[in-house]
Amino acid sequence: MKVINEEFRVSTKGYCDLINITGHISKILSQSNLQRGILTVFVVGSTGAITTFEYEPGLNQDMKEFYEQIAPVKKRYHHDETWGDANGFSHVRAAFQGPSLTIPFDKGALTLGTWQQVVLTNFDNQPRSRTVVVNMIGE
Amino acid sequence: MKVINEEFRVSTKGYCDLINITGHISKILSQSNLQRGILTVFVVGSTGAITTFEYEPGLNQDMKEFYEQIAPVKKRYHHDETWGDANGFSHVRAAFQGPSLTIPFDKGALTLGTWQQVVLTNFDNQPRSRTVVVNMIGE
Amino acid sequence: MKVINEEFRVSTKGYCDLINITGHISKILSQSNLQRGILTVFVVGSTGAITTFEYEPGLNQDMKEFYEQIAPVKKRYHHDETWGDANGFSHVRAAFQGPSLTIPFDKGALTLGTWQQVVLTNFDNQPRSRTVVVNMIGE
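Protein chains in written order, with the working numbering: chain X, -15 to 123; chain R, -15 to 123; chain A, -15 to 123.
Careful, some of the hints might be misleading.
If several chains are the same, the list does not tell them apart, and a pair holds so long as it fits within one copy or across any two.
[As the list claims (entries may be wrong)] Calculated cross-link-like contacts (lysine to aspartate or glutamate; reagent style EDC-like; alpha-carbon spacing at most 16 Å):
#, residue 1, residue 2
1, Lys(-14), Asp90
2, Lys11, Asp64
3, Lys59, Glu49
4, Lys(-14), Glu123
5, Lys11, Glu40
Honestly, the hints are just simulated from the structure, not real lab data.
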């Protein structure tokens, strides 16, 4: 049994930039030579999130519209009065979507569905270089 | 310390079918003979999700109404234009609810509350045989 | 490689009480002497949740307003007809926010961002003493 931490950085644009990081993660898993266990993906910071969906232009647009519907950019947020940085919407979106995802792997491969990609979202109102931590525990 | 992967399949109906899988998972944990560690439940595919709630007919109806409120079946989704399969709502719901849940266990039992069940949801617009992966790491 | 379970209790008020538990968790990790691995935080019960956000009064208020917007206290819930305890809203909120969070740690410290705190929410309509389970696996 081994435990391995890796990390990588991703350049992201602001306002709900969706990045497919499945390739990054699969490569890290492959290089570990681990066969069976769990892999945890964690985005560092308060305005990023991780989940899975089918990464294609139509659904990407649907996700952006969904986030806009439940926490609109233009709404007035108390957080903006605290710091004056006008990104309250991005904090609320990131908090409910969550920064972490744990995926089992077997025979050296993540147990994702065919169309199920791991997606990093930068909700912030500016470009950010995002740090993603990848932890693997297994054998 | 051991790492074990198991999986099982569940027949589900379409349009927000809620399945209590606590019994399946507890049985798998029990058969592992592990006493202390974590168990990760992961549903394979882009239109399923895992969370916990009190599985009873009233709350089940509330959850269905909640999902319908935040991502209605009848809304127009860009994803539907990509594939023509009219299940955009199910992808959005699955993405924000998430496919994965990690639960500690101690003395061979999950640390769930008395009324806290693990629920698999099939958000797709058709019946699906769902694969659920259960990973346990512990001793 | 070791696996450790700890737990602690937190007194919470009702109706969306937000508690910053980052200090509790960091102390437990520190006392474990583990350097590299994952830490899982799990709240026991059907009306509590765990996520991360910047814990400051403005954003705390935004989160309360967000939860009120998507699952209002005053709405009629079928769950309330089952038990007559008028906390249907808290079950719906807890179910979609989720009870569990897994965070990598390295060099003995959680990989959280500078402003990213771990927050326990009590959504119930009454004060609750909440049990939080903290599992660590690593070396």
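How the hints compare with the structure:
For the identical chains of this complex, Lys(-14) and Asp90 are neighbours both inside a copy (15 Å) and across copies (14 Å), given an alpha-carbon limit of 16 Å. When the C-alpha separation of Lys11 and Asp64 is checked against a cutoff of 16 Å, the pair qualifies neither within a copy, at 39 Å, nor between copies, at 31 Å. For the identical chains of this complex, Lys59 and Glu49 are neighbours both inside a copy (15 Å) and across copies (12 Å), given an alpha-carbon limit of 16 Å. Proximity of Lys(-14) and Glu123 under a CA criterion of 16 Å is satisfied in both settings, with 6 Å inside one chain copy and 9 Å between copies.
Taking identical chains as interchangeable, the C-alpha atoms of Lys11 and Glu40 are never at most 16 Å apart, the minima being 21 Å within one chain and 38 Å between chains.
Of the hints listed earlier, those the structure fails to meet are numbers 2 and 5, in rising order.
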